[in-house]
Amino acid sequence: MIDEYNALISYNKIYVERLANVAIITPPRRRSTTTSSGPNLRGSGVKFDVRKDVPYSVYPEFEFDVPVGTGEVGTVGDCFDRYMVRIAEMKESCRILPSGARRRARGVGAHEGSAQVQAAVGDAYIRVESARGDMGWYCVSDGRSIPTA
Amino acid sequence: MKIRTGSFTATSIIDKVSRGLMIADLIAVVASFDLVAAGDRSMKQLVLQLTGEGGLLAGVRTRSPRRWRCSSSGVWSSCSSCPWRG
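Protein chains in written order, with this note's numbering: chain A, 1 to 149; chain B, 150 to 235.
Simulated from the structure, these hints should not be mistaken for laboratory data.
Backbone N, C-alpha and C define an ideal beta-carbon position, used for all residues, glycine too.
One or more of the hints may lead you astray.
[What the hints assert, rightly or not] Residues on chain A that point at chain B, a partial pick, calculated with CB under 7 Å:
(1) K13
(2) Y15
(3) N21
(4) T35
(5) N40
(6) Y83
(7) I87
(8) K91
(9) R95
[Unchecked claim] Residues from chain A that keep clear of chain B, each with C-beta distances beyond 12 Å, as calculated:
(10) I24
(11) D78
(12) P98
(13) R104
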């Protein structure tokens, strides 16, 4: 279905001309100097994905690639690249889903017990690859099970 | 807990990368960043940035830039309890 969508929309002449060479974000010299992340960063050709570079949860068990912008019809980092990165990520998600479903069918990862979590006193930080990029969570626990902002 | 989503950084760069573009291109630019206005504040920031002095849409009159609907209370304009006001 994604290929059909590409054939119909993505490589349409009007669509390409609207997106190619528009709002180019050049890749940073060093990744640490940019505040951009996620598909916006990868659209600029930087291969960084928290799921690959700082693996967490079950992602090391899944096989998927990290698509980056290539300047396919314009310049690396233009609107078209950011768009195509997201299209390519949909394909990668389709690769991950069957593995996740098989894993789930084996009963791995099935939730057991109460949904209420009582965290130990202390703090923790974790970062995840969200739909819009690198998202960090810093939580401090006072030992109670009721979260407060 | 305080959270700042990636949309904040994406919002802040729009003014810079959209220089010299047509207004129609702006739609493509905003869409390509996949912005989500997490609160009234970020959307207000975006509009004020674009319509302010030196912005891409400088001089364009907005309907009422100071009137915003609070996402938490649903109240228009001033909402003293809204955490997104500013």
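Verification of the supplied hints:
1. For K13 (chain A), the suggested interface contact is broken, since its CB lies about 15 Å from the closest CB of chain B, more than 7 Å.
2. Because the closest C-beta pair between Y15 (chain A) and chain B is about 9 Å apart, greater than 7 Å, the hint is violated.
3. Violation of the interface hint for N21 (chain A) is found here, the shortest Cβ-Cβ separation to chain B being roughly 10 Å, above the 7 Å cut-off.
4. The restraint placing T35 (chain A) at the interface with chain B holds, with a minimum CB-CB distance near 4 Å, inside the 7 Å limit.
5. Because the closest C-beta pair between N40 (chain A) and chain B is about 6 Å apart, less than 7 Å, the hint holds.
6. The restraint placing Y83 (chain A) at the interface with chain B holds, with a minimum CB-CB distance near 6 Å, inside the 7 Å limit.
7. Proximity of I87 (chain A) to chain B is violated relative to the hint, the smallest CB-CB distance being about 12 Å (cut-off 7 Å).
8. Taking 7 Å as the C-beta contact cut-off toward chain B, the hint placing K91 (chain A) at the interface is violated, the least distance being around 17 Å.
9. The interface hint given for R95 (chain A) is broken, as the beta carbon of that residue sits about 21 Å from the closest beta carbon of chain B, more than 7 Å.
10. Distance to chain B contradicts I24 (chain A) as a non-interface residue, since its nearest Cβ pair spans about 7 Å, not more than 12 Å.
11. For D78 (chain A), the requirement that its beta carbon stay farther than 12 Å from each beta carbon of chain B is not met, with the minimum near 8 Å.
12. Under the 12 Å C-beta cut-off, the non-interface status given to P98 (chain A) relative to chain B holds; the minimum distance is some 26 Å.
13. For R104 (chain A), the non-interface assignment is confirmed: its Cβ lies about 28 Å from the closest Cβ of chain B, beyond the 12 Å cut-off.
Going through the hint list in order, the structure does not satisfy hints 1, 2, 3, 7, 8, 9, 10 and 11.
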